[in-house]
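As you go down the protein sequences, you meet chains A and B in turn.
Going by the numbering used here, the first sequence runs without a break in its numbering and finishes at 370.
Going by the numbering used here, the second sequence runs without a break in its numbering and finishes at 591.
Think of the hints as simulated: they come from the structure by calculation, not from any bench.
A couple of the hints might just be wrong.
[Said to hold, decoys possible] Over 12 angstroms on every C-beta distance to chain A, these chain B residues come out as not near it, computed from the model:
(1) V384
(2) L493
(3) S496
(4) N580
[Claimed, not checked] Simulated restraints, written as ranges between beta carbons of each label pair:
(5) A:T110 / B:F506: 21 to 27 angstroms
(6) B:W586 / A:Q351: 54 to 60 angstroms
(7) B:L383 / A:T110: 34 to 40 angstroms
(8) A:G27 / B:D483: 31 to 37 angstroms
(9) A:S165 / B:S481: 22 to 28 angstroms
(10) A:T110 / B:W586: 46 to 52 angstroms
(11) B:S413 / A:Q19: 36 to 42 angstroms
(12) A:S165 / B:V460: 30 to 36 angstroms
(13) A:Q19 / B:L410: 56 to 62 angstroms
(14) A:R125 / B:F405: 55 to 61 angstroms
(15) B:D483 / A:L174: 25 to 31 angstroms
(16) A:Q19 / B:N583: 44 to 50 angstroms
(17) A:D107 / B:L582: 28 to 34 angstroms
We put the beta carbon where it would ideally sit given N, CA and C, even for glycine.
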Amino acid sequence: MNASESLHVEIYLPLQKFQLDCSFQAGCEVVVLFGPSGAGKTSVLDCIAGFRQPQRGRITLGNRTLFSSLDGSDIPVRQRRIGYLSQQPALFPHLSVRQNIGYGLLDMPTEERDARVDSILERFRITPLAASQPAMISGGEQQRVALARTLVCQPELLLLDEPLSALDLALKSLLLELLFDWQRERCVPMLYVTHEQAEAYSLSRRVLVMEAGRVVADGEPHQIFSAPVSRERAVLSGYENLFEVVVEETHPALGTMTCRVEGTTVRLESPLANKSAGEAACLALRAGDILIATNRPSGISARNILDGRISEIEDRSAMVELHVLCGGGSGAETGFCVHITRGALQNLDLQTGQTVWLIIKTHSIQFLRI
Amino acid sequence: MTSPLLVSLKLALVTSCLLFVIGMPLAYWLAFTRFRLRFLVESVVSLPIVLPPTVLGFYLLLEFGSRGWLGAFWERFTGHTLAFSFEGLVLGSIVYSLPFAVQPFTAALASVDSRLLAASASLGASRWRTFWRITFPLALPGIIAGFALSFAHTLGEFGVVLMLGGNIAGRTQTASIAIYDNVQMLDYQAAARQSITLLAISFALLVIINALNRKWNWRLR
Chain A
1 MNASESLHVE IYLPLQKFQL DCSFQAGCEV VVLFGPSGAG KTSVLDCIAG FRQPQRGRIT
61 LGNRTLFSSL DGSDIPVRQR RIGYLSQQPA LFPHLSVRQN IGYGLLDMPT EERDARVDSI
121 LERFRITPLA ASQPAMISGG EQQRVALART LVCQPELLLL DEPLSALDLA LKSLLLELLF
181 DWQRERCVPM LYVTHEQAEA YSLSRRVLVM EAGRVVADGE PHQIFSAPVS RERAVLSGYE
241 NLFEVVVEET HPALGTMTCR VEGTTVRLES PLANKSAGEA ACLALRAGDI LIATNRPSGI
301 SARNILDGRI SEIEDRSAMV ELHVLCGGGS GAETGFCVHI TRGALQNLDL QTGQTVWLII
361 KTHSIQFLRI
Chain B
371 MTSPLLVSLK LALVTSCLLF VIGMPLAYWL AFTRFRLRFL VESVVSLPIV LPPTVLGFYL
431 LLEFGSRGWL GAFWERFTGH TLAFSFEGLV LGSIVYSLPF AVQPFTAALA SVDSRLLAAS
491 ASLGASRWRT FWRITFPLAL PGIIAGFALS FAHTLGEFGV VLMLGGNIAG RTQTASIAIY
551 DNVQMLDYQA AARQSITLLA ISFALLVIIN ALNRKWNWRL R
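Extracted from the complex, chain A is given alone in its bound form:
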């Protein structure tokens, strides 16, 4: 990592719902900005790119100061040499693919420009599209052209705002490969915004988690995603079931606790946390971590076996989402969201109203920060 190529960001900007107040650095690396919609990720990129002005702060790239509220410097967008790509390719509709890609090189002599455009067309395997108008090519091709148009200018920093979220998996991996090859070659910082956990895992060894305008975690993806700390991040990380519970008993010797879902008679055994009996807590559970049985299972290691009734079956194409109501009796019922495969649905011949048993391992339950 070379200090002259690194990005330093310190920004403070009051937004409608919260204050954007964050600082971080990035060297020659891919950094994922991860967080729920409306956490301020795009605003951070806009401040760095120059589309928004922070109220206070300082942004430097290498030895250039892009923005500083101290001396009032604010370099215009066009002089920042930052590549910005969002979900929309934003190709100029009246220009051909070749003209779009050459747009950032208009100050160059024609021959040199043509050579650069030709080489990137070839590298991105879009040479046959060169003469086409953007409206004539597919969405994936448009995004490829937009990426080529950004990279051909040789930016000193790349800002990517969910650039591939509208594309299918095969195309996504092709574009990521092109993008990462380029990043490694030129060794520039790259900020990649996403709200998809799987993407964050696959993209980078460094993830910055943003919540309500602040960076709340900075580290490797597996450290960050294994233990959800807040409700927003739990929902985002694929914890579909969140329960308010009261700790009934702790079993330090066994490393577990018994919790009762508030207002119901449903009891769950969870891993031991720093809580004592009578305290309130919040638990998270992934829908995919719950097993379904049509008969009461026996001889099984899982400590949580709850009987319930299927209230809804929803086909989600790749999988099936079941809503199961447990408890009842003297208290209110608790709804569980369960994901199973379509094969399992057919095999078990599950119907709405049917009684089933939910099987939940103790350690698939996570405690959340309240």
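Could you slot chain B onto chain A? The hints should help.
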């Protein structure tokens, strides 16, 4: 002697060309400014739409006369009054047709996707380059429409011309005034001839504009 129709066409052409030059910067400012009192400027620009042409003509006549600030200034430099001259008609028509050029221009410029302008800036383009390479070509249908509207509106102008031009044959007598004169003199044949010509020109103009716009939008689709 120039025929009334030629006077009208010349007036419309000169006016719409000048309105393009004056109206574009004004429209650009209106489309992109964050100035809070923008609506005041917009209201002033739109005033000629609601004002009776005779009222507008009356105020312009006062201003263009020897006692008016502009009229006196003009007289000192050119030796003749601004009122009752072709130049006076052009100035009056510019004010009269201003909203018909500026409003379509503004709408056309504002309708250009701001993400394209952001993309242009992040690719290193100056504002000037962004305007000529991106904003202007994409707003072109609306700009052509504004040009055509101001042309057609000036072509059919009556009240302001009557107040300002004084109906001097060959210089300030436009087609619409000639038609009015002919009707007054019960020469219905001449009035009909002139009316049908004006109708044909206006219709042809609109057909051409709409066809151009269609072709243009088709290219962008």
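Results of checking the hints against the structure:
| no. | hint | in the structure |
| --- | --- | --- |
| 1 | V384 | holds, 30 angstroms |
| 2 | L493 | violated, 4 angstroms |
| 3 | S496 | violated, 6 angstroms |
| 4 | N580 | holds, 19 angstroms |
| 5 | A:T110 / B:F506: 21 to 27 angstroms | holds, 22 angstroms |
| 6 | B:W586 / A:Q351: 54 to 60 angstroms | holds, 58 angstroms |
| 7 | B:L383 / A:T110: 34 to 40 angstroms | holds, 37 angstroms |
| 8 | A:G27 / B:D483: 31 to 37 angstroms | holds, 34 angstroms |
| 9 | A:S165 / B:S481: 22 to 28 angstroms | holds, 26 angstroms |
| 10 | A:T110 / B:W586: 46 to 52 angstroms | violated, 27 angstroms |
| 11 | B:S413 / A:Q19: 36 to 42 angstroms | holds, 37 angstroms |
| 12 | A:S165 / B:V460: 30 to 36 angstroms | violated, 55 angstroms |
| 13 | A:Q19 / B:L410: 56 to 62 angstroms | violated, 34 angstroms |
| 14 | A:R125 / B:F405: 55 to 61 angstroms | violated, 47 angstroms |
| 15 | B:D483 / A:L174: 25 to 31 angstroms | holds, 27 angstroms |
| 16 | A:Q19 / B:N583: 44 to 50 angstroms | holds, 47 angstroms |
| 17 | A:D107 / B:L582: 28 to 34 angstroms | holds, 32 angstroms |
When the structure is compared with the earlier hints, violations turn up for hints 2, 3, 10, 12, 13 and 14 and for no others.
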